[in-house]
Amino acid sequence: MPELPEVETTRRGIESALLGRRVLDVIVRDRRLRWPVEPGFERRVRGEAALAVERRAKYLLLRFPAGTAIVHLGMSGSLRVLGAGTPPLIHDHWDLVLEGGQVLRFHDPRRFGSLHWTSADPALHPLLQDLGPEPLSTAFDGEHLFRASRRRRVAIKLLIMNSHIVVGVGNIYASEALFRARLRPTRAAQRLSRAQAAALAQAIREVLAEAIAIGGTTLRDYVNADGVPGYFRQQLFVYERGGAPCRVCGTAIRQVTQGQRSTYYCPSCQD
DNA sequence: CTTTGCACCTGTTGGC
DNA sequence: TGCCAACAGGTGCAAA
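Each residue of the first sequence is one higher than the one before, starting from 6 at the first, in the numbering used here.
Among the hints, erroneous ones may be present.
Label-pair distances were calculated between CB atoms; the ranges are [stated by the list, open to error]: (1) Gly248 to Ser198: 26 to 36 Å; (2) Arg48 to Gln134: 21 to 31 Å; (3) Gly25 to Ser124: 18 to 28 Å; (4) Leu94 to Trp40: 20 to 30 Å.
Please keep in mind that the hints were generated in silico from the structure rather than gathered at the bench. Idealized CB from N, CA, C, for every residue including glycine.
Please construct the entire structure, taking both the sequences and the accompanying hints into account.
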């Protein structure tokens, strides 16, 4: 479910509940996430108080004095801050019970999410070490995208969803950014001009920043830490709009499959 | 090396 | 009403 804007919205929502508060208890009800939760996880975190809540790509990093919990929400995961004593429901797989009467609760029906612990620099963790730049950092710009697209035959949509090139661009925002940049998702990456790469990099930055500003996109079940959906769905130009009229020119939006995922574009606006 | 497709898992939706 | 196929905000990994 969550792409970068939803993960960033979650980060902002859980930060104040965690910072400086001791973790009184760690409850893992189901260890069978994408990777099994390490047996020692509970005892590493119990008694620690978070120093920082950060995000790298779609990973949330809960930094404690002794190490870092690395959390991924997968396709259907969410993190919420609830009152301690709120009874867990189905698919509520783990809790951090916090000093002061609140609990951070992880809910994930599909269990594609994950939870790791590292006592080393999380940037060196195998899941993080080969990631590309953050799209909202200065390391990501048109020149980066242009260089990365040279001699690549893959479709440009697949390229921008490749986390080695740039992180955080998922299925919704890939289609949306390509619409804004007026580029066909199916075009070979190597056929982008320098100017088109610059336009696409800019479109990616804008669409992600705008989505963060209104709390991300809720399609089905995404909610932020307070249980509130994101409202970016109303700003979508093409995603999940196959057959509907383009909001710019009225042409029917097309839906195609790329890399076993749905892609949406306007055949008139996008070349 | 790049590219492609599968796998993991549960829930919802739409057609017959 | 029931059944079954298709599809869903991700991504590591194996195979081509």
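Outcome of the hint check:
1. For the pair Gly248 and Ser198, the supplied restraint of 26 to 36 Å holds, since their beta-carbon distance comes to about 31 Å.
2. Between Arg48 and Gln134 the beta carbon distance is about 26 Å. The supplied range of 21 to 31 Å therefore holds.
3. Distance hint check for Gly25 and Ser124: the Cβ-Cβ separation is about 21 Å, which falls inside the suggested range of 18 to 28 Å.
4. At about 23 Å, the beta-carbon gap between Leu94 and Trp40 stays in the expected band of 20 to 30 Å.
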